[in-house]
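Engineer: These are the residues of each chain, in order.
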Amino acid sequence: MAGDAIVAEELTYSYGELVAVDHISFKIAEGEILGFLGPNGAGKTTTVKMLTGQLKPKGGKAVVLGMDVASDAGKVRGEIGVCFEQTNLYEQMSALENLQLFARLFGVGDFDGKTLLKRVGLDGREKDKVEGYSKGMKQRLMVARSLVNRPRILFLDEPTAGLDPTSAEAICSIILEERARGATVFLTTHDMMEADKLSDRVAFMNGGKIVALDTPHNLKQQYGKRALKAKIQTPTGELLDREVVLDQPETPDLVHKLFAGERVVTIHSEEATLEDIFIKITGRGLKE
Amino acid sequence: MNLAGIRALVVKDFTLFFRNRFFALVTPLALVVYVGLYFIMPRSVDETMEIGLYAPGWQTIVADMEQQGLRIHMAESEDELKDGVTDYAYVAGIVLPADLREKLASGEKPGITLYVASDVTEEAKEAVASLMREMIYTLSGQPLAVEFSTTILPGPDMAGEQIPPRDRMRPLFAVFLVIFETFGMATLITEEIERRTIQALLVTPVSVKDLFAAKGITGITLAFGQAALFMAFVGGLNEQPAIIILALLLAALLVTGVGFLMASLAKDMMSVLAWGVLALVILVIPAMGTLFPGVITGWAKIIPSYYVVDTVDKVANYGSGWPDVWQNLLILVAFSAFLLLVGMVALRRRFQ
Chain V
2 MAGDAIVAEE LTYSYGELVA VDHISFKIAE GEILGFLGPN GAGKTTTVKM LTGQLKPKGG
62 KAVVLGMDVA SDAGKVRGEI GVCFEQTNLY EQMSALENLQ LFARLFGVGD FDGKTLLKRV
122 GLDGREKDKV EGYSKGMKQR LMVARSLVNR PRILFLDEPT AGLDPTSAEA ICSIILEERA
182 RGATVFLTTH DMMEADKLSD RVAFMNGGKI VALDTPHNLK QQYGKRALKA KIQTPTGELL
242 DREVVLDQPE TPDLVHKLFA GERVVTIHSE EATLEDIFIK ITGRGLKE
Chain W
227 MNLAGIRALV VKDFTLFFRN RFFALVTPLA LVVYVGLYFI MPRSVDETME IGLYAPGWQT
287 IVADMEQQGL RIHMAESEDE LKDGVTDYAY VAGIVLPADL REKLASGEKP GITLYVASDV
347 TEEAKEAVAS LMREMIYTLS GQPLAVEFST TILPGPDMAG EQIPPRDRMR PLFAVFLVIF
407 ETFGMATLIT EEIERRTIQA LLVTPVSVKD LFAAKGITGI TLAFGQAALF MAFVGGLNEQ
467 PAIIILALLL AALLVTGVGF LMASLAKDMM SVLAWGVLAL VILVIPAMGT LFPGVITGWA
527 KIIPSYYVVD TVDKVANYGS GWPDVWQNLL ILVAFSAFLL LVGMVALRRR FQ
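Protein sequences appear in the order of chains V and W. Residue 289, in our numbering, is where the first sequence stops; the numbers in between run on with no holes. Residue 578, in our numbering, is where the second sequence stops; the numbers in between run on with no holes.
A portion of the hints provided could be inaccurate.
Beyond 12 Å from chain W on every Cβ pair, some chain V residues (computed) [to be verified]: (1) Asp5; (2) Glu18; (3) Ala74; (4) Glu86; (5) Leu240; (6) Gln249.
The list that follows gives simulated cross-link-like pairs (lysine-lysine, DSSO-like), each with its CA atoms no further than 27 Å apart [as the list claims (entries may be wrong)]: (7) Lys493(W) with Lys136(V); (8) Lys128(V) with Lys115(V); (9) Lys435(W) with Lys76(V); (10) Lys493(W) with Lys57(V); (11) Lys57(V) with Lys351(W); (12) Lys493(W) with Lys130(V).
Everything labelled a hint here was simulated from the structure, so no lab data went into it. Cβ coordinates follow ideal geometry from the N, Cα and C atoms, glycine included.
Go ahead and model the full structure; you've got the sequences and the hints to work with.
Structural biologist: Following this line, the structure appears as structure tokens:
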């Protein structure tokens, strides 16, 4: 049975009077992908900073791979990889030089930068200066940089924000490959589809607190509403929408009536999205 | 300390420094220009005083006086003499009346006219007045009633072996080269903060101390390297090279501290420039004292660069040794340590 990669106990941080993270506790198992969802200012980035040793918690404790982040920050940082939301590469250096620099900082002896760049689709451009790269290429390089030390835990902050579908898909594939390798992934994102697709569990953060933490399936079961969405055609040729809520005692009768009494043009099932559930729990949207 | 990490960061900083077109161009150019300027400037000081004289009948006395380091231009008329003064052909013009000797013999007071340009210094006026008194005594044939005893303070009498302007400029150029690196250091750090690459570094096993060590090594190497090369090219290391090298190393340490402080205050590249110019103006003030002795007074000693300039000047130009400059070096160590410490504390807050 896999151990815990990350344990947060009553983790707290405040900027002056503003409590950014308010006594949050959670555990993430090794090899798990946790989607960390919340609107801007919810405390996601502050939480990541405490878990990666960039900020010292004002209260509580963060244990990463069995090490207390406050006292063993250096050792913890040697085992993790962090991909930031905003591009922070050395733009006057090439992609290969950027990766080689970080490989040296991590003390990686037999580093093969070219293979890593090929993995993120940047082969052939490895010697070009980063300043000439597109946003998607830079983001893929950021992901590659977070992998130079083959981290046991990968912290990814909005890794696909603003990217074209091809680049976003490439990054999602890498995340799944890393999980398959055994890495734990802490994925901070606004993108519910991405979180739903990739995450084993998701945590909803709002106002510095974790308001829900479970698998996407369980959250949908608990808070969501499954339904059938049908489009029917009236005798006059007009198209109308019909909805039948599933998992209710009267559902079979309603479905029967729909097909018996109406001319059904299209029909499909629909389940609640994580955003619907977040709104239901917090009363606000994720993109606020 | 993570030595491999520090080495990687220093290599990275040098790479980025020389990939910045401005610094890549200015760094070697400044060195070449200063060395070039040094060799263009006169290698000796002309101590001859030139004056104009309208005094028909006194050619013999003029010839005697010229032997004493005085060059006298004889004018054909008083108007020609005045033109010579206004055209700066000589420091002053003197008119001696034709009946000077007779009047002196009869005990009358002869009238002597002295023309000087409006912007002639008080020192030059004093020198010409003394010369005139001496001329009168010579012409009257009477020995001076008093005996002059001249003592030059401080140090040895440099008459006849004045320090050439180019050697006076050496401390100024060396300090310029060192100070200029505050811009380079502050720019490297500010870029690191502005572009958030510092965040990426701080999630690696490299600690903040390692970062400071790497930045310090880069700053000191750049500042010291240029100043030491300059001094080597212009013969500034011929006298007591160990003292000069130590003074330049401490100066490099000092400007690295100033660079850290500037980077902690600067929000962007424009503010690096603004703070840099302020630092440059303040730190260069003591160096002006070597060019214009007497202009800089005791207050300049509160500026840390004074102790660099004074040490380099005393050792390279006057042959001073450890006993003469150890106090300067000690004060420099204290200033450098203080500025480095303040700079690191301020910058640490910025990193977080």
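Engineer: Work down the list of hints and note, for each, if the structure agrees.
Structural biologist: Here is what the structure says about each hint:
1. Asp5: The assertion about aspartate 5(V) holds, with a minimum of 21 Å to chain W.
2. Glu18: At roughly 19 Å from the nearest Cβ of chain W, glutamate 18(V) sits farther out than 12 Å, so the non-interface label holds.
3. Ala74: It is violated; alanine 74(V) is separated from chain W by about 8 Å at its closest Cβ, not greater than 12 Å.
4. Glu86: violated (10 Å)
5. Leu240: holds (51 Å)
6. Gln249: Check passes; 50 Å lies beyond 12 Å.
7. Lys493(W) with Lys136(V): holds (25 Å)
8. Lys128(V) with Lys115(V): Since the Cα atoms of lysine 128(V) and lysine 115(V) sit roughly 10 Å apart, the hinted pair holds (cutoff 27 Å).
9. Lys435(W) with Lys76(V): holds (15 Å)
10. Lys493(W) with Lys57(V): At roughly 25 Å apart (the allowed maximum being 27 Å), lysine 57(V) and lysine 493(W) satisfy the hint.
11. Lys57(V) with Lys351(W): Cα-Cα ~72 Å, so violated.
12. Lys493(W) with Lys130(V): holds (26 Å)
Of the hints listed earlier, those the structure fails to meet are numbers 3, 4 and 11, in rising order.
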